[in-house]
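Got chain Z sorted already, so can you dock chain V onto it with the hints?
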Amino acid sequence: MHREKSDILQNLAQAVIDMDMTRARKTAAEAINAHMDPYEAITDGLARGMDKVNELFETEEYFVPEILLCADAMYAGIEVLKPYLPREAAYHKKKVVIGVVKGDTHDIGKNLVKIMLDNAGFEIHDLGRNVPYAKFIDTAGELNADLVCLSTLMTTTMDGMQVVIEDMKKAGILSRVMVGGGPISPGFAKNIGADGYAKNAAEAVKVARGMFQGIQIPLVIKTPELVSIRKNRGGMQ
Amino acid sequence: MNFINTIMTEKERLLKALRNEQVGRPPVIAPGGMMTMASKEVMEQTNCRWPAVHRDAGKMATLSISMHHETGIENLGIPFCMTVEAEALGGEVEDGDEVTEPHMVNYPLKSVEDWRFLQELNPDKDGRLPSILACTSLLSKGHPDIPVIGNLVGPLSLATSLIEASLLFKALRREPEEVHRMLGFLTDNSIRYGEALVRNGADLIVISDPSATGEILGPKMFTEFALPYLNQMIHRMHTLSKPVIVHICGNVTPVCESLKKLDAEGISVDSVVNIKEMRKAVPDKKLMGNVSTILLQNGPVDKIQKVSGNLLRSGVDILAPACGLSARTPVRHIRAMTETAKAGIQ
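As they're listed, the protein sequences go chains Z and V.
For the first sequence, the positions run 1 to 237 when the numbering used here is used.
For the second sequence, the positions run 238 to 583 when the numbering used here is used.
Source of the hints: derived by calculation from the structure; they are not laboratory data.
Glycine is no exception: its CB is placed at the ideal position from the N, C-alpha and C atoms.
No false leads were mixed into what you were given.
Here are the computed lysine-lysine pairs in the DSSO-like style, where the Cα-Cα straight-line distance is at most 30 Å: (1) V:347 / Z:135; (2) V:347 / Z:26; (3) V:540 / Z:199; (4) V:347 / Z:82; (5) V:513 / V:248; (6) V:457 / Z:52; (7) V:457 / Z:206; (8) V:497 / V:457; (9) V:498 / V:253; (10) V:543 / Z:199; (11) V:248 / V:277; (12) V:497 / V:517; (13) V:277 / Z:190; (14) V:540 / Z:190; (15) Z:199 / V:517; (16) V:513 / Z:190; (17) V:513 / V:543; (18) Z:169 / V:277; (19) V:523 / Z:199; (20) Z:199 / V:498; (21) V:497 / Z:199; (22) V:248 / V:497; (23) Z:190 / V:543; (24) V:457 / Z:199; (25) V:513 / Z:199; (26) V:277 / Z:135; (27) Z:170 / V:277.
So, partial list: chain Z residues that the calculated Cβ filter (under 7 Å) puts toward chain V: (28) 60; (29) 63; (30) 64; (31) 65; (32) 68; (33) 69; (34) 103; (35) 108; (36) 111.
So here's chain Z without its partners, still in its complex pose (with noise of 0.2 Å):
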């Protein structure tokens, strides 16, 4: 049983890293068939899979498509194991608006971001692409939101940046902003006054989770439901 269930994890985390949604999917049946913790499935599974996803990805082995394929796989696996969570309790999780600024629709980067936050236990709003200055500013007011993520990749919408930081200063909105996207530099971010800056997907994971420090962020929060459920099934551990 317990070798089993290492394999499982091993399987759903080697699925993600070969981009290979089918594999995901049918190991993610196998480790509710085996009983087996839905949460740990994507935690110890498919994130971890993902975290390797993103060592790849820092060290130029996988690129950007292979990031997209490998996220779509993890995603179908989630998909599966998904019925089998009680409700999340997304209370605990630090909120994240983000967006492209307006005049650009450039918004791979800003995906790629998403992918990477969510995957790190953040609870993502995505405002798509080209978004006004005033969206980003109401969304983070009215959710309240902990970080607020602006991205371009043209220099003509550079500037939009410190207008959307300015705006949400006059605004009293206190939410935390991390920008970035090509044309962005360290310099530029802290002359706008962001409060961090990342050159690619898998740094704004580690400048987000360092603005949070010492609060730990789960995937998802396991909650009194999940110990009836596991021992109501029995046969873990």
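Just chain V now, kept in the frame of chain Z:
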């Protein structure tokens, strides 16, 4: 050296630089297209303002010529965005405002297979292409001594203007053959537009392929999906006796080996790329770049002069903004770059 400077026209200097002939000092250009050549200050002086300019051949020509005269940039380059081909193929474009360039707002393709629904491009009829051709002709006839640059978008970047980038990037692995068919179609159509630009007087072609960065694709995908189509475009322009410069965004280090196989005369690189290292990696190419676009916008002047001077000493063959100009760039900042180039290598 001075003698060469006085008798050489700007057009001769740029074309000679690309042909590896003696030019005394490197030309200084801003190609246009994705690497925009416009400043709000000049728009106000000439009353040729974005966004109206984008759909008016006469105003486009006036703004381009005034940019040349006011800033000392040694070329004419239109359009002021990278959306004309995508729009002509059915993409929806928002014209932006006085400092924001036109950009795609709606992707006509929902999957790569959908490329089959695209109509063959007719440069004399579709979208803004007729205005761009008319403007190219006006510029070329009116200013025979200034190089007129025809701007094209690379096939992979054109594809990401027609379909959401993440769908395309996933398809590179999931359905590579279909992506190849799509890129083949786009390449043929871009070539047709490139031929029309040349017929209307473009002296050289700059292909910008910002989505085909080494950072996004990695070497394997770049070699399979970007390189062959760029080379098809380059080869066709060469049969029309026009030199080609290819601009690749971001850090190109991962794809340096592939860039050796690119048949363009020149390679233009982003500000993150070190020219000296790039020279070692691709010794046979003319290197263009790479004064930081944001430095040009924000200044100060003495730093722009210093960076431009350093680039000239590093052996850059054509001095240029790394990713074109932000429309908010003051004219005196652009002059700091062009005057440094014209003073020669100190």
